[in-house]
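Visitor: Mind assembling these two chains? They're in different frames, but the hints should get you there.
Those sequence lines, one after another, are chains U and A.
If you count the first sequence from 1, position 204 lands on 204 in my numbering, and the numbers rise without skipping.
If you count the second sequence from 1, position 160 lands on 10160 in my numbering, and the numbers rise without skipping.
Honestly, the hints are just simulated from the structure, not real lab data.
Where a beta carbon is used, it is the ideal one built from N, C-alpha and C, also for glycine.
Every clue listed holds true.
Covered stretches of chain A, as calculated for chain U (at least 3 residues, CB under 8 angstroms): (1) 10973 to 10982; (2) 11004 to 11012.
Calculated pairs, DMTMM-like style, for lysine to aspartate or glutamate (alpha carbon to alpha carbon, straight line, at most 25 angstroms): (3) K11026(A) - D73(U); (4) K38(U) - E165(U); (5) K207(U) - E10917(A); (6) K203(U) - D10812(A); (7) K197(U) - D10812(A).
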Amino acid sequence: MSKLFPKSANQLPLQILIYLAVVAGIATAGVNYYMTPKYTRVGYAPVQPVPFSHAKHVQEVGLDCRYCHSHVDKSAHSNVPTSQTCMNCHSILKTNSPLLAPVRESYAQGTPVPWVWIHQTPDYAYFNHAAHVNKGISCVECHGKVNEMDTVTHMQPLSMAFCLECHRDPASRIRDPKDVYNLDSARLADQGEAGRKAAEAFKHDWKLLPPQSCSGCHR
Amino acid sequence: MKRKIEHPAPPAAESLTGPKYWRSLDELAGTPGFRAQLEREFPEGAAELDGVDRRGFMKLMAASFALGGVGLSGCRRPEKFILPYGKSVEGVIPGLPSYYATAMPLRQGAIPLLAETHQGRPTKLEGNPTYAPHGGAASLLAQASVLDLYDPDRARAHTRGGKALSAAEVATLLGEIAAKYAATQGAGLALLADESSSPTRARLVKELRAKLPRALWSEYEPVTDQPPVAAAQAVFGQAVRPLPDFAKARRILSIDADFLQAEAGSLASARGFAQGRRVNRKEDPMNRLYVVESGMSLTGSMADHRLRLATSQMTAFTASLVIAVYPDSASVLEPLTQGVKLDPKWIQACVEDLQAHRGAALVVAGSHLPAEVHAMVHGLNSILGAAGATVSYLPVESTPGATSLSALAAAIKGGSVKTLVILGGNPAYNAPADLDWAALQKSVGEVIRWGTHVDETSGVNPAATTHLAAAHYLESWGDARTVDGTVVPVQPMILPLFGGLTQIEVLARLAGQTEADSYQLVAATVTGLAGAGADVARVMERFLHDGVLAGSAHRPVSVRFNASGAQSLLAAVRPAAAPTKDNLEVRFVVDAKVDDGRFANNGWLQECPDPITKISWDNAILISPRLARDLGIDPKGSLIQVARKENAEFTMGKENARVFELSLGGRTISGPVHIQPGLANYTVIVPLGYGRTAAGHVGNGAGFNAYPLRTTGAMHVGLGAKLRDTGKRLLLANTQEHWSMEGRDIIREANYEPATKPDGNSYRENPGYVRKVGMESHTPSNLGEYGEKMTPQERATKIPRGNSLYQTPQFDGHHQWGMSIDLNTCIGCNACVVACQAENNIPIVGKDQVMRGREMHWIRLDRYYSSGTIDAEAFGGEGNRELPEDPQVSLQPMTCVHCELAPCEVVCPVNATVHDEEGINTMAYNRCIGTRYCANNCPYKVRRFNFFDWNQRRLDSLYLGPAGDYGMPELLQMAKNPEVTVRMRGVMEKCTYCVQRVQNGKIRHKVKTAQAGRPGDVVVPDGTIKVACEQTCPVGAIVFGNILDKDSAVSRAKAREQDYAVLGYLNVRPRTTYSGKLRNPNPRMPDFQPLPFSRVEYARKNEPAAHGDHGAHGHGAKPGHGAAPATPSHGGKS
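Same shape as in the complex, but just chain A (with noise of 0.2 angstroms):
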């Protein structure tokens, strides 16, 4: 055990007089955890294997090395061989990708993507840049889903009731089935499908209901993601549903809608907000955002204005919205808002904001939100001018009688389903609560599953049960449209690697096909698609080399509103009173990660950090601060920081968060539960998809399940929640303990117009806002006037470094490498986290090994709240004391940025990090020792350390040392990126700049270029090398290229004024910079603030002497900033 150093005992808090010294610091850090972590030195876990102390180590291995010696088995050559093709196979190039189209896809709709594969394996999906609205971008769920393809856990074969069944006797099987219900015109058979874009499906159960009129074809997905389509047919009275152009949109409300993930559609609605939010100029317009949430939604963290509000209340906003737009409504919608308290400013300055950008304004809301809502929503965009400006309106194509789950369940409870066919889903899992699908789906004589896992569903009953294992989408044909409708191929990658079928197959057997094909099956939809007389052969090849159909989008229709129509859903409608602490509302959301749970057994899904709660492997029941003090849980902090109140109580990096019961209905489950700034205040967030039973390895046991809390009438929202403490703690891995920027200068914001009376602080006024804030503010630039200006290579040679014994790198290269990332688009998707995993072989550690903050993710994303109200006086004033209610958040990635003179390099005992001639700050593994020393010397801390053999060792045996099972599983080998090294224990690693990619690019230009016959020309153009986190952002905040080439779009996105340096005081000299943030406030609205919170902290942290003039700053002054008016403020006491 490592020696315990003993520190004095601090004195009594009492007998402490005179002057504050350093010292009082200890007297502050009374608690037990900050002395035990005092003692330490390291935090736990950081510094020594568990369970083996340095001496049980040294006689082990002494042991070991004697052994070792005996066998002599490391001297012999090992004899490897070389395997090439025995035919040879068009189009590859053993040692070179080969990219196809394919697509994701997702409920109603699909991402279309391009694989990378390695000699027929992919390992690397990419946004597919044919794809206009995407842009080449992909989102997390996608960049993830390559590891499903090689999930150890997935359905290795056909199974009825635990018998393997051939691919044969599948297909008898489903043709008796089709002939016995041919002969019944299909009464007795029901399908239960999840939702799909695919037009071939589509197709096939037109076909199998005509074939089997009587067989009940129903559709269920645990959540929604596109508004209903009843609310347009009220008010348009045409099946349509919105899609919204959120680049023309300069004005946008979001009510309770999380457009840039949630949504379908969100990786074209995130492309869009950021074209209009980007801002390059001074002259440059940018959007305004106005968000209205009960959750804290990655819409909400990047709204301008952000209102508070109970899901169950956005009806009576809507209402009142719609009053203040069109005063004529009043009479009809007036008794909506009854009850309900609302700022009558802040809808006020709101609408007039969006009537002044008629045309340009766009109003969304929540796919869950009822039909009415979303009827006053289409009333809202006709009367602002949006409709056909910034939302168009798309015919949705109904499968015709599909019916609900609800129906499905009342028809098995009524006997006539004999048999069941389960394609996908998993409704034993998600079903709603109240209709115990496990005991109907058991009361079916013969259940047939479709599934990627013998899960939950396919458990519920193994012994009448037949599995049917189902094809991953990269090992399937198929097709899908996009959320505009653009119709994209789903490509097969590889052959199936269990045997699985597509849907289509089995639905094309079941509708008694006998030669099944599930290309055939798409050649036939996309030529139908493509009109008559196309040319199969080339309709098909340019459909599969571009990756859309061309021309296949949905036209927008023309709609007109009718009021008329709302009247009838508007009727029925009663406000819901205000939840409050003994009548909680419950909002289920999708997760980010797992989705549904679909995802749950995914390790790069699981192991990624909540954008929001920054929580990784498990889900928590969020509350709000508010709620958390009436629930009398009141979480402290660490002494040393100046936002002293956490907003979860950490046990050595760990939060050890409360165990509750919420119960909704007589119902209960109980989870951790996690206090989350910005919720409404009596609204209990619960993120669904978690506590899976049969997910896999993986997916078991993370997190709880809170699907037996929903029932068919509140799927989305519940009211009349309560919690109860049951005493019980469940450790959490939480991968940011603390949520301040403490007043630091870390993420630099500015509005980005000035307020009424001009100060010089908006981006507008002074575009380089950057340079007024942190230590650059008041000192020279470390470089000086003619240091900014020179050369990479001119600044390492000509610039002095101190007397440093140390030989810095020339930076003599072709290129010079830099990124810069802009604050102001970045969504804190986490899309380039997993992106990033994908393309350099990161390990997933564990739940256990996160808790101990060993996790690889090469990139994190940061999230800060700031509320303005940190004290000057650091350790003592109240402002320090208070969990902010209402925060404004600031995200930031950060990674490696590639310091000049890297503080990392000087420490290095064995140069295993070091330079190379382009800037990039390279980890040379093989002479890498582990001593860590460069990570402590990290002033980013984005070094990460392994551990353990995470690639060869499981997870759950890591500590067995030599005595665990050794080696990858095949399958996982094959997700690995040949052109990167998979790192063993004990060395150091972190971001590369992708520099397999970079080498990659520039042998490819030289090789070409060369043939080419002209040699000389070997500076790699720019735009043709992405970066992993680069390719897949979907919002372009990322940009990578080559600094030298004034004209590069890193540059240019370099020479923007608001482009700043983090730590740039250090010296370091980073080649990663970071554009400032920017935020858009309405200085009408009541809740304006004229700076931002963060410049506010800043402001009062460094310059408290100027503290008494920042009246007009606004903060401090007036009470209620950012709160939703019918609360009161983040006033902690009040």
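Chain U on its own, in the form it takes in the complex (with noise of 0.2 angstroms):
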């Protein structure tokens, strides 16, 4: 009877603990970066259904945001262009490009082209375009230097920890309002002492106080 378990036996409590505690954190780790949107959203880059270069037209063709999300300083949603609003231009450019033919046929039958969202916000966050741009706040601070990407990429985790960081500090992150549509554009903090000067005062003045609580973007 005394041989049924042996003199190591006494420390198997110990090591089951320590296994634990050992495979819990792991688990932890595992989930807070594997399963979180810094991992599972970030990098995101789908194939749209027509390939559209966000580079060439910023910076070769030289649009502005607001060319084609025409509605983001007024409305919460940034409204991904019409057909219409493509064949503005490319009823005259590129008018057999095999690539746009999506885009011809959407204007010819009015169906819409199925672009691949890739900024989703869950269903239960109300995220306001209109009331972050109008305020300072830059296309860049979310969607990254789209102006540089040829596909667009997922660049930030977009998480409510993410919003949390800007909205417990937001002079941390503002921009000259002139600057907000400009994607090359530096915080106000990162251009030294005046700039971090002036992101205090434009705090102070446009009494920003943007909503840490749950009303502020769950209804």
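Guide: Here's what the structure looks like:
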């Protein structure tokens, strides 16, 4: 009877505890990395029905964001342009490009081009574009340097933690309102001491008080 | 099954001796129902899923998790698409709603509306503020009507004998009929339509009749909401109808008229009435309302003096009134009053009060009353100087030669009708029973029915019937007139979902027009009305933009009362015998929710509790407590309440109603009986509109159909009815089990003016009377003198709140939101309930779930009766065992009051309900794990739990779990507000102060100011943000806004001295406060009460020591308060 458990078994409870702690630690770290938007969302760059290059249209043609996303400063939703907007130019330029066939067809039929949705917020989160771009938050803060992208890629996690980081310290992210659509501009806070002062003054004068409670985004 | 805790059996009642302890409750609680309730800890259904116990549930879940792991389908990224328009749409900004003016036509009136559309789909209707008499308010029916557009049961195609017809085939068919009957000048063609105020329809009918003079045009409405023109024709010699202006009236006498709800123009009436009723300062005047009625209407619930009287005796009452005002008429009118016992003192005092307010007095009579009553009322208004002051007379545009339904029936019987066109209506369901409409309709060779649903009428003889799908008004071009005659547009928000036709299109085609386009037809009418030479495009643009045609209201005509005209009407009248137990009077009333049955398939309306009975999903035969006793129905009550008599028997929260047979003139219907305090003793009230058999999934089988009891001669009231117990029972979903406030201070009331002997109790003497009631009356303020004056932020940081670990909010936002609800003007119409439902995507749960207390409405309207009789001896006195026959009614909208120190927040284990910076108690649905601790800890009981996935599951297969269908029909998805989360199973929800409107309003303002170069201007101006209930409230009782702004409407409302917090002593610091209710009784009236009954009850319960001194208050000492003198008072034992 005495030999049923060897002496080393006395260590067993401690070993089990250590083992469990390690496993739990690995699991937590794994979940924290692999199951959060930092991993699952960043880098998402689906194939679009039309290989539209933002880089070409912004840097070569010189279009402003608002030429296509025309209601971004009025509406919660930053609209993806209608095919008619594309055809403003493409009824003259590259009229026979096979790549543009879906756009031409959409314009002729009135049916939508099925653009793949990249920057999805969850259904229960209500993000408002107009509230941000009119208050010195540039497109680049959430979308990255779209002006340099040939294929739009998800650059930021857009998780709640990401939102709150800025909502807790808006002065660190704001730009001069005239730089909001200039994705190459620098944040005020990154422009040295004067910039930091300007950012604080901006926050004070504009009475920036971004919501940090649920009702700001969840309805 | 949940373990049952066996409570020890209470000792037998006889053995109890000595002093009474709390233990004696058990002894009293000897009824089986109460025992069972005790054993279960929670009411049935509130704690567990039916049919599945915990063990079974765990087994199932373990199996499903194991299976779920196999597929790992949840790990794939769902690919979603953004689908922009192919061609840009003018004026549409994705993400922003657009608003268009339209109107909801109803009988001879219309409610001007603004429709909110999201990318072309209407989701919410608001009143059009351009139409001044409504001031932006909308009614219960208007709020709910958007759901009818998305009704999946609507007719989806034109059909003939069950086969679908294309639009072209319909046009050909109508063209053929037009051609065929043009040859016979219309002989053989008959048209039946419901009433309409549309000028275009009137024009087309005229054209049709000119072209087909021998065709029969008849109109039928099962209920009437406008006084008979015959009366005006007789006494004024002109076809006019009265338009009362309640705002100008200081003294109002309503003779069986429910002008706040059932009568035409009730929205404008309610608004005007509230204007005269609202008291902000003690100098403000307040109107006085006398109501004589047989039922218990919302108007009656607002009365300062209410007389219960059978409807058939209203003629006698009105005659007595006329005699008192104008004694010379006695010789003619005396015979009318024979045999009817009325208290002359009541009439005399009332008349004196009316006469003292010459030019500011107003008498109105119910539309259902006979012409002679209206003739006398016209006379009274002339004598009282009301004509031209508080009531104007508008010309009636008659549809020449429109025959009645009876005339049409005779023609069909005579065989002269070969083709019958039924435009709208539903005669097979609601025609008088003696016509036997279904048989008549069957005998006609060809029937063409235009209607939204394939309903009872379309189903009479489907093989020979052509059904034309009708367009909903939100899909139609049209026009209508409001009650004052203003022409309003009916504008489509969306293309017809099922290719429906408009009524005017059908009429135009029958009149021989081959190219009938609704817009062109309306434009032709409107430009015609605007006058010759008007620019069509400009007139229409303005008309559609404003939503009203300026200056199109009828001009009042001056009238001269001619008493001799009334003689002919009065000559034939004989006083009716007073109804008795064996000779009951039956009064058919239009239902507050489904109207005459046309809205029966609207889930929002069906689930909305009736404003007075609080029954949802059913109607009931309403009987008085006296009749109930005579019939031997004697419900008991819960033994733990002070007022221990219930108005129904409740089994586990379900009203266990007895089913009675009601027979009248040889016809019989059966339905559940509900005892309704406040009814005339032997009048039975039967709401119409239920018991539909072909309404659709929602309306079928809800309630019983009362139409089979109605005959041409007794459309609104019938005498000689009998009630017989069938022995059966029916469970009703009644959302308010208990009727009494139990002497608590929930609703605080006072009389407006002091009695003859001032006692300091009235509002005029003590505007801050609300602080004389309740815990606050004998304790210092929770906040202290200084705390009361602090801003919310100072309060939150400076006033200690005990040693709570819970981090309370700091309230440092730019705004602090608050609300004030004026109980003095609230008429309890339920419009806010459904407006909230439409705005906030609140689901319906069905009758079965309402019976389990799971209704989801964020606002509930509490209705209390008080009679001043409950006894200080909480569990003993006689007063506690009586159901009041003639109670005072108090109404209170109750919703989340957004406590600054919210009890729900501290108990939430996951912080799913927390405060924001601006004082809104928010719900983060995605955090909620459904413990329901918050609902348990809420003192106001305003939190609602999603027991099922109401949105994704069909209500008839909730208990099938995963085996049931999943998913919301696309049509219903279209009705949802995209700004509000659609909640899923297992989360708690409640009023959010319409946080989506608040946030969007703030953002809109900030965007505007930032773009205008004033970025520091972040505080939203007062009145910009209106919450849904506030916006639709017809009486403006609800005010919402920023309490930091001292000049905001809500701050001013809260500064009223009669403003108080419900349960304020709990120190939860609610942001929603209430303004006390005022009553304005006349000290000269025999039924004058120096103190409202609820206050008497309060005093009797809380100050029993002072009880003896209350003789001066009049209760108890005087029998017969408030009751009809013809009948003994509420004395149950008399």
